[in-house]
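Enquirer: The chain contents come next:
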Amino acid sequence: MKKNLRIKLVFIALILFLIYTIMLNVVSGSIDLSYKDIIQGILGKRVFTELEHNILFKIRIPRIISAILFGIALSISGFLLQTFFKNPIVGPFVLGISSGARLFVGLFLLTNITIGFIKSPLITIFLAATVGSLLSMLLVLLFARKVDNISILVVIGIMIGYIASAGTDFMIAFANEHKVASLVNWSMGSFSGISWSMIKLSAVIIIPTVILVFLLSKPLEAYLLGENYAKSMGIDIKTFRIVLILLSSILSACVTAFAGPISFVGIAVPHLTRLTAKTSNPKILVPAIILSGASFCLISDYFARTLFSPTELSISTVTSFIGAPIVIWLMINRRKRI
Amino acid sequence: MKFLLGKDLRVGYQKRIVVDNVNIDLNKGEVLCLLGPNGCGKSTILKTITDHVKLIGGSITVMEKDLNHLSNRERAKHMSVVLTERISPEMMTAEDVVATGRYPHTNHFGKLTNHDIKIINESIKIVNGEELKNKEFKYLSDGEKQRIMIARAICQEADIMVLDEPTSFLDIKYKVDLLNIIKTLSLEKSQTIIMSLHEIELVSKIADKVLLIKDGKIYNYGTPEDVITDEAIREVYNLNSGYFNTTMGNVELPKGSSKAKVFVIGGGGRATKIYRALHKKDIGFYSGILFKNDMDYNISNALGHKTIAEDAFIDISSEKFNEAKFFIDTSQVLIDSGVSFKGIGKANYKLLQYALEKGIKVMSLRKEDLGLNFIKYDSISSMINEVMSLKDS
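So the protein sequences, as listed, match chains A and B. For the first sequence, the working numbering begins at 167 and goes up steadily by one. For the second sequence, the working numbering begins at 100 and goes up steadily by one.
Since the hints were made in silico from the structure, they are not lab data. Possibly wrong hints are sitting among the right ones.
What the hints assert, rightly or not - Cross-link-like lysine-lysine pairs, in silico, DSSO-like; alpha carbons within 27 Å at most: (1) A:K168 with B:K224; (2) B:K101 with B:K153; (3) A:K312 with B:K114; (4) B:K445 with B:K460; (5) B:K210 with A:K444; (6) B:K282 with B:K101; (7) B:K164 with B:K308; (8) B:K445 with B:K424; (9) A:K449 with B:K232; (10) A:K174 with B:K210; (11) A:K444 with B:K244; (12) B:K114 with A:K404; (13) B:K217 with A:K444; (14) B:K358 with B:K424; (15) B:K217 with A:K168; (16) B:K224 with B:K237; (17) A:K384 with B:K237; (18) B:K217 with A:K169; (19) B:K282 with B:K244; (20) A:K174 with B:K217; (21) A:K444 with B:K234; (22) A:K449 with B:K217; (23) B:K224 with A:K384; (24) B:K282 with B:K146; (25) B:K288 with B:K217; (26) A:K312 with A:K252; (27) A:K384 with B:K146; (28) A:K169 with B:K224; (29) B:K153 with A:K252; (30) B:K419 with B:K358; (31) B:K372 with B:K360.
What the hints assert, rightly or not - Sample of chain B residues lacking proximity to chain A, with all beta carbon distances greater than 12 Å (derived): (32) D119; (33) T322; (34) N421.
Treat the numbers as computed from the prediction; the structure is a model and nothing was measured. We treat Cβ as the ideally placed atom computed from N, Cα and C, and that holds for glycine.
Given only the sequences and the hints, what does the whole structure look like? Please build it.
Expert: This is the structure in structure tokens:
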């Protein structure tokens, strides 16, 4: 019973915090809009000026929605990888998966390759990122079969990340300036300048994927006991493994495609959530991670926008400052087991 | 019809067959133990039965249903496992771990019904794990973890439970507990159990059937009474020196090399510890006059230079008595274990008198002095120290 109470409290706190971070992001920025103004505006008691309307609906709200979506996607992607590797130190960024996605997006942004019939540049970027994610994931898996030491695997992941970045830099050196500018902007990692069409596309990808992850709660829990036990309970391990990797790659690819590589969210959020809720049960953890992942990205984006305003930091700058120490702390605490 | 039938199983990996021609047949509720030296293929056979290693040839059927034709879920309803691998899931209580055993029975969301919860609690009770259930699994001791993993397998409610070396890493108390649990499961729940064990002496206590394996070949299969013989164990385990006494269930090291200087009057199990203590210090000894139904007889035979023994329940013949006198004559010391001199044991009393008459030093653990002039000791160790000092002089 005590356990249930704790979980209820955690959910209440997470929901309140999410509401708070949304509000914070709505009101703060270069133009002051008070809570009162906004509430009155929404209720129709006050007419927004054109500027206010534009700021709200063309800048702030899309940005909030994308922070929520991408926060969820990164956190769930990290959660899946942690389940897969049975270790809390992995995430899409440290394993080099985000950088792999970036390399492939670079390939499309810097060259003129198009994929056959697909006209939409957004879908092209997303597909490129997915292919990049999957390829680097496969590379990591290949190494994972050789080394059973997770620290070494993380180092290998970081190396894969560097190689992918070097590949991207190589292409930049030979690309024309105008295209480079668009890549550099993109790869900073930012929720700014995200259009409604990007949001729609990512929602179409992220929401069903996350629902699918939630529906897989039962096998995900069994998987916590290791593949051999999971198999003995009746799970088709080979299929399940592919599903895990595919879902986590799609999620991190989607974020990388539209917001650039964002570091450490995938590690920090699932782990902190697990510690707070004190459970590994995916039925509880997945919804909790959805809430905390959204809040984490919202608060990080809030800091990115406001700390040195008018200069805007990249979101990765903020998430790294928060996330990297968590990873170090994790590694030190688990040294005995690694 | 047999409940479980493994026919001409060929087990191993793509390029390497580990064991060929494995045939097993079990009734419901029977316990099968796989026995053999490290690396003989026990684990591979078990992994093949649980489908963690693909079967290369032959067939395994449960109630005439081919296991390989079942869906994963159906299979899971037939077979639960306790593996050698140690798991340490994050943030899961022992109860959470046990509950995962209900997997094949719960709905798509894994919702535990009241019925499921009842079975989980019962399973935990069988392994005496009530006080563990709310603790985090990761921090339990090896023995506790093993019990919880068995509870997990129990609550899967499969007809067959496969355990790979369940006793390794367990100390003696937990081994006994574990075997008790297994016995309960087989007798009361008609659970068919297949497991590998390291301890030869435990196998005959728990198994209905034994599969004895040597170097990738089935050495023998059958009831432990037929299969586990001193000779079979010596051959399967390549015991050139020392041996395993299957009747007593213990291991003996090879006999010492030094000349015998001590004669031990044993019997009633009183001398076993003396034999061991002498053997450890490499002091050779003779022993007599024992009866062949005495446990001392087995040990003395294994460790001593000469054991003079009479058939059980009859008076000691003068032939044996004279033989004993002969060996006493060549000894420096006689050790009296304190065995009863009453009834057919009185010949040993005469031997003791004989030694004293001959001026041989007699050391005794006996409380009463019987009017004889021997030196009394109250511990084996002080006596052995004395013998050692004699030996050096």
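Enquirer: With reference to the structure, classify each hint as holding or not holding.
Expert: Structure-based check of each hint:
{"no.": "1", "hint": "A:K168 with B:K224", "in the structure": "holds, 22 Å"}
{"no.": "2", "hint": "B:K101 with B:K153", "in the structure": "holds, 23 Å"}
{"no.": "3", "hint": "A:K312 with B:K114", "in the structure": "holds, 20 Å"}
{"no.": "4", "hint": "B:K445 with B:K460", "in the structure": "holds, 20 Å"}
{"no.": "5", "hint": "B:K210 with A:K444", "in the structure": "holds, 19 Å"}
{"no.": "6", "hint": "B:K282 with B:K101", "in the structure": "holds, 20 Å"}
{"no.": "7", "hint": "B:K164 with B:K308", "in the structure": "holds, 22 Å"}
{"no.": "8", "hint": "B:K445 with B:K424", "in the structure": "holds, 14 Å"}
{"no.": "9", "hint": "A:K449 with B:K232", "in the structure": "holds, 20 Å"}
{"no.": "10", "hint": "A:K174 with B:K210", "in the structure": "holds, 18 Å"}
{"no.": "11", "hint": "A:K444 with B:K244", "in the structure": "holds, 20 Å"}
{"no.": "12", "hint": "B:K114 with A:K404", "in the structure": "holds, 21 Å"}
{"no.": "13", "hint": "B:K217 with A:K444", "in the structure": "holds, 24 Å"}
{"no.": "14", "hint": "B:K358 with B:K424", "in the structure": "holds, 18 Å"}
{"no.": "15", "hint": "B:K217 with A:K168", "in the structure": "holds, 20 Å"}
{"no.": "16", "hint": "B:K224 with B:K237", "in the structure": "holds, 20 Å"}
{"no.": "17", "hint": "A:K384 with B:K237", "in the structure": "holds, 20 Å"}
{"no.": "18", "hint": "B:K217 with A:K169", "in the structure": "holds, 19 Å"}
{"no.": "19", "hint": "B:K282 with B:K244", "in the structure": "holds, 19 Å"}
{"no.": "20", "hint": "A:K174 with B:K217", "in the structure": "holds, 25 Å"}
{"no.": "21", "hint": "A:K444 with B:K234", "in the structure": "holds, 12 Å"}
{"no.": "22", "hint": "A:K449 with B:K217", "in the structure": "holds, 21 Å"}
{"no.": "23", "hint": "B:K224 with A:K384", "in the structure": "holds, 25 Å"}
{"no.": "24", "hint": "B:K282 with B:K146", "in the structure": "holds, 22 Å"}
{"no.": "25", "hint": "B:K288 with B:K217", "in the structure": "holds, 16 Å"}
{"no.": "26", "hint": "A:K312 with A:K252", "in the structure": "holds, 16 Å"}
{"no.": "27", "hint": "A:K384 with B:K146", "in the structure": "holds, 24 Å"}
{"no.": "28", "hint": "A:K169 with B:K224", "in the structure": "holds, 22 Å"}
{"no.": "29", "hint": "B:K153 with A:K252", "in the structure": "holds, 25 Å"}
{"no.": "30", "hint": "B:K419 with B:K358", "in the structure": "holds, 22 Å"}
{"no.": "31", "hint": "B:K372 with B:K360", "in the structure": "holds, 17 Å"}
{"no.": "32", "hint": "D119", "in the structure": "holds, 24 Å"}
{"no.": "33", "hint": "T322", "in the structure": "holds, 29 Å"}
{"no.": "34", "hint": "N421", "in the structure": "holds, 66 Å"}
Checked against the numbered hints given earlier, the structure satisfies every one of them.
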